[in-house]
Each structure stands twice: as structure tokens, then as C-alpha cells.
Amino acid sequence: MAISPPTGSRTRFAVLVLASVTLLTVGLRDAPVVREVREGASAVIGPVEGAVDTVTAPVRNAWHGVTDYDDLQRENEELRAQAEAAEAEGVQTSDAERQLAELSASLDLPWAGNVETATARVVSGPRSNFSHAIEIDKGTDDGIAVGMPVVTGAGLVGRVSQATGGSSMVELLTDPEFQVGVRLATTGDLGTARGRGRGDPLSVDSAISPGTKVPKGTGVVTSGVDRSAYPPGIPVGTVASSRQGSGGLALDLDVDPLVDVDQLSYLTVMLWTDGG
Amino acid sequence: MRSRRLTPLRGALVLVVALVAQIAIVADLRVVGAVGDLMLLVTVAAALTGGPDRGVTYGFCAGLVFDLVLDSPFGLSALTYAVVGYGVGLVCGGLFRPTGWWPLAVAAVAALVASAFYTGVGHLIGTPYPWGDLPAIAAAVALWNAALVLPAMAVMRWVHGPTEPDRLEVALR
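Which chain is which? The protein sequence lines are A and B, in order.
Counting from 1, one number per residue, gives the positions in the first sequence under my numbering.
Counting from 1, one number per residue, gives the positions in the second sequence under my numbering.
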């Protein structure tokens, strides 16, 4: 049996694949037109999504009722929140001690605690298996802009990747395209953390020499180095393991995020842009 | 007598309803840690009922509208679904008629191929989606596809009629 298609089919296939590749190329160049079209689509689909969301809430709740044990889930959330808060406190404390020891350097930096914030509710989670963005119910009307850091009481959640009048998309720190400058809370060693997908630890490329021992559980916070996209001192995670980097010249770290991105209800957007 | 003028409108309606259902309902219903993909389901149903032409057209359009509301690389869904839609239409048109339980198997295999293709192209263009997530994603999408492909094929027959080729199909012949 033959599976060769008619010529017309081949032509259409070639045209549409070429069109897809062209769109992919344009999108990868971060063309403003793509961003604007996506923002426009979000503005249109947002209210419809909200209405359907409300109507179908019982169905989704029933699903979760079947797939989750409500009481266990609630108890888990409470315990997780307590554990995360305690862990974040530990990270912040060790970081504060190091900052005190290093005196004036940090005094000139904007401290995260003084930054104006906006609290937002999570409207929807990632829309596909390959998406790592969630939608929140606050947007440019509340002073939110693209690039602003998003946190919870536990630590860094991600950054605003798209903002319209009444809603925004937040790129989660688990996104493979997410990057943030970090430092170890105990020693101040710098590195860059990258997302590696849902449920996986962040990967940190550091400049730490391979012979150095980095204890498991060491806190990692945003570095806030010059022109960083994030203020300094936001807890990011704790070191899970370390290994020699590919070049053999430095250590690579696996860092467990402090925030559980699957259990987000309310978030805080720091109204802070590059340079304060 | 069916009005062919309504066919594009019906097709667009199906895509919009699938998109809204995907982001407002299905995206919240996790199975084995991943969610279903109604846009891929529409693509596969179109290919099963209309062959490679309809498969690649629906695949491109479904991927494009999905790309509009995602944060992943723009055009990647359109490329993936176009390729999968064409492949499903080609295989089912040339090797066997998708009757009986075959559509369920085809829809499940299409989920695996689409997930692997998306992840692979993601790596090529510098977005390293973890390969470790692939089994769960493929399993969840395959389950959803297999469960819903027969109703989705019925919807496609409502849009196009049992054998009606679309206008572009006719023009290219």
C-alpha cells in the first residue's frame, strides 16, 4: 500500500511548515509584533477564560475531589507553608549575617523589604504541558510592568513576562528559559540559576572552585549585582547537591526552589524594575 | 443540502471552543502530573476524517491560535501540529482506514510523537524542555486523546460533512 500524498498535499504541507518556521524565527528574535499580538490575544481571551472558569469551577472541583484528598491537601499546604517560611527565614538570616559582616557594600543596594508591592491572585496555571507561565489578576492598571520580580513569603516565584490592563503572565523560575543571578547566602559566591522544568531543581553555574565543599541546604538568594533584573536578597532555594561543571573549572549546583510552583494561590509583585 | 459557506465558520468555532476549553478547563485537570491537549486532539480528528490536507491545515491553525496564548516559542505549536496532522492523515489514508478502535491507537501514538517532536525542536532552538518530563506528558495527552477522539471525529464530520474536501484542497488539486 502506498502512502505517497498527492502533489497538492505536499505543496500545502511545505507552505505551512515554512510558515511555521518563519513564525518561529520571528518569535525567537523577540519581535515586538509577536509580543503585541500575544498581549492582544490575552486581553481578548482573558474575560472569556474567566467566565468559563467560573461556570466550570464545580466540574474542576469535582475532579480535584476525586484525584485529591481535600483534607490531606489542606493539611499539606499548611505544613508546606510553615516549612517554606522556616526555611526562608533560615536563608534570610544567614544572608543577613553575611551582609552585616561585609558592612557597607549592601547599604547602597535597594533592599527588597523597602520595595513597593502589589498582591495578586493566581487566575490560572500553565496552559499547556510545555508552558511555565501562570496568569494573575493584576496588570498595568496596578503599576505592574514586564520584568518585575514576583515572590511569595517563601521566596522568588519568577518574573512578569507579559502585562495587560487587568492581568499579567508570570514566568515561573522553573521555566527552562528563566535565568536569575544568585549568590550563596553563606559565602557570597556568585552564579546564575536556570530553570529546568517542573519538579526539577534549578541548575546554578557558579564560579566556585571545584575543590570547594558546598554543604547541602546552603541558602541561595538573588545577587542583585549591578543592573540585575532582581533586587538583592530574595530567597531562591537551597543547595541540594553539587558536582563538577562541564569545563572542570567550577562547581555546578542543583538548587531546590523554596517556592512550590504547583501550590500558588496569591503572589506579591515587587514594583521594581531593573535599577530600582 | 449543506451550505459550504458555513464550513470555515464551523471550523473556526471548533478551534475557538477547543482553545477556551483547553485553557479554562483541561489545563487545570492533571493526570499523572500533566494535562491533555485539545488542540492536538482537534488536529488528529481532522486528519483522521479528512486526510493529510485537512490534518496539516487544522494542525497549523490550531497550533497558531494556541501559540497566541502560550509563553513558549511562538510558532512551535503550529509547526508541531502541522507535522503531526500531516503524518496522521498520510498514514491513515495510505495504510488503513481509521475505523473501529484504530483511531484511539492512532490518537495515542500521535500524542507521543507530538510531545517528542515539540521537546526535540525546543532543544534545537535553545529551549531545553526536560526529556524526563516526556513520559508523563505523552501518557496524559495520549489518555485524553484516546478518550475523546471519537467524539472529536464526529465534530469534524459535522464541520465538513462525511467526505467534503475544503476549498483550498480543491484549489490545489
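Hint data in this document are derived by calculation from the structure and do not stem from the laboratory.
All values reported here derive from a predicted model rather than from experimental measurement.
Using N, Cα and C, we set each Cβ at its ideal position, and we do this for glycine too.
Any given hint might turn out to be false.
As the list claims (entries may be wrong) - Here are the in silico distance ranges between beta carbons for each label pair:
#	chain 1	residue 1	chain 2	residue 2	range
1	B	V113	A	Y266	18 to 26 Å
2	A	H64	B	P162	18 to 26 Å
3	A	Q82	B	R10	50 to 58 Å
4	A	T212	B	I125	29 to 37 Å
5	A	V37	B	G126	38 to 46 Å
6	A	A81	B	L9	19 to 27 Å
7	B	W158	A	V21	18 to 26 Å
8	A	L271	B	L13	35 to 43 Å
Unchecked claim - Computed footprint of chain B on chain A, listed as stretches where at least three residues anywhere in the stretch have a Cβ under 8 Å from a Cβ of chain B:
#	segment
9	129-143
10	194-201
Between A81 (chain A) and L9 (chain B), does the C-beta distance stay in 19 to 27 Å?
-> Violated, since A81 (chain A) and L9 (chain B) (Cβ atoms, about 49 Å apart) do not stay within the stated range.
Checking C-beta pairs, does the segment 194-201 of chain A have three or more residues closer than 8 Å to chain B?
-> holds (count 5)
L13 (chain B) and L271 (chain A) - C-beta distance against the hinted 35 to 43 Å | holds (41 Å)
Per the hint of 38 to 46 Å, is the separation of the Cβ atoms of V37 (chain A) and G126 (chain B) within bounds?
-> At roughly 22 Å between Cβ atoms, G126 (chain B) and V37 (chain A) fall outside 38 to 46 Å, so the hint is violated.
Can the suggested window of 50 to 58 Å be confirmed for the beta-carbon pair Q82 (chain A) and R10 (chain B)?
-> Holds, since Q82 (chain A) and R10 (chain B) (Cβ atoms, about 53 Å apart) stay within the stated range.
Per-stretch coverage check for the segment 129-143 of chain A, three Cβ contacts closer than 8 Å to chain B = It holds, with 5 qualifying residues against the three required.
State, for the Cβ atoms of V113 (chain B) and Y266 (chain A), whether the hinted interval 18 to 26 Å holds or is violated.
-> Roughly 39 Å apart at Cβ, these two residues miss the hinted range, so it is violated.
Lying within 18 to 26 Å: is that true of the beta-carbon distance H64 (chain A) to P162 (chain B)?
-> With a Cβ separation near 39 Å, H64 (chain A) and P162 (chain B) fall outside 18 to 26 Å, so the hint is violated.
If you check the beta carbons of T212 (chain A) and I125 (chain B), does the distance land in 29 to 37 Å?
-> holds (35 Å)
Is 18 to 26 Å a correct range for the gap between the Cβ atoms of W158 (chain B) and V21 (chain A)?
-> Violated, since W158 (chain B) and V21 (chain A) (Cβ atoms, about 32 Å apart) do not stay within the stated range.
Violated hints for the displayed structure, listed by number in ascending order: 1, 2, 5, 6, 7.
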